[in-house]
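Take a look at the letters that make up each chain.
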Amino acid sequence: MTLSHALFAILASVTAISALGVVLSGSIVRAAVWLLFTLLGVSMLYFLLGAEFLGAAQLIVYVGGTLVLVIFGIMLTAQGPFSSLKTRPMEWVVGGALGAVLFALLVNAVWPIPDLQPGGAGTLPGTGPLGMGFLGIANNGAVAYLLPFEIVSVHLLVVLIGAAYLARAKRHQRTEGEA
Amino acid sequence: MTDLGLTPFLVLASFLFVCGVVCIATKRNAIGILMGVELVLNAANLNFVAFARFGPPSFRLEGQVFALMVIVLAAAEAAVALAIILNFYNNHSTVDVDRADELRG
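These protein sequences, in sequence, are chains A and B. Sequence positions in the first sequence follow my numbering and run 1 to 179. Sequence positions in the second sequence follow my numbering and run 180 to 284.
Simulated from the structure, these hints should not be mistaken for laboratory data. There may be inaccurate statements among the hints.
Covered by chain B, per the in silico footprint, the following chain A stretches (three or more residues, Cβ under 8 Å) [said to hold, decoys possible]:
no.: 1; segment: 16 to 25
no.: 2; segment: 28 to 42
no.: 3; segment: 56 to 69
The structure displayed is predicted, hence computed values, not measured ones. Using N, Cα and C, we set each Cβ at its ideal position, and we do this for glycine too.
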């Protein structure tokens with residue numbers, strides 16, 4: 001058993017157990033904490049795969065950004081009985097059965113893919129090649145990912161303006177209603 | 180002794196995906212559903228990076244580029260979803276999706 005096998009076993013069990021915790025925990029705050037460990041496990045798996053920049057981006061954007069956003073959402077909405085909405089037992093049965101069937105199907109689809117071994121040099125291209133790719137210059141001189149980069153940038157801008165508008169509009173209306 | 184291959188990562192990603200789908204299907208809290216979506220996106224990302232590592236050399240950059248885009252779009256999606264959930268909570272004083280059959284308030 002090599003070192004990478006051992007590391008993968010540890011990280012995969014942490015990730016899988018905490019993903020199960022997200023599904024099974026009744027309290028939404030506990031689910032958020034389980035989700036934190038899942039995201040950490042996935043970022044460590046990126047490091048294991050040799051994608052250091054992606055692992056760091058996952059840590060910064062997901063763990064530092066998205067999860068904080070989710071926790072703020074929980075704090076702003078979780079009050080009284082609504083912090084733990086119970087799932088009905090019948091829904092657990094149906095959901096669990098569907099999940100098991102879906103997992104069997106996916107593993108069945110994944111298994112025939114040959115167990116490829118890492119070829120060539122150890123790590124994936126780092127920040128430099130990635131940045132050049134986003135600027136439109138690939139290593140081999142081909143035109144790269146400038147257009148997707150621009151689309152994502154404009155999309156992010158539009159989405160954040162929309163989110164700010166959505167979060168503001170109601171408060172406006174409410175003060176009018178109270179006045 | 181062969182080194183760590185592609186298949187374990189794909190199986191783990193399928194497990195994460197199934198967890199996300201079951202989370203979306205069974206949670207009644209809207210924020211719990213958002214967490215399920217995050218799990219699904221992480222599973223897809225893990226597949227992208229695994230194929231970037233183990234696939235042909237032309238995938239080395241592409242897998243990472245797509246994974247980065249998914250990360251950024253997931254952040255945007257979480258922001259919009261939380262804005263909608265907060266709006267819904269202001270209108271209905273609950274985040275139970277079973278009661279979200281009308282969004283107008």
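Do the hints match the structure? See the list:
no. : hint     : verdict
1   : 16 to 25 : holds (count 5)
2   : 28 to 42 : holds (count 7)
3   : 56 to 69 : holds (count 7)
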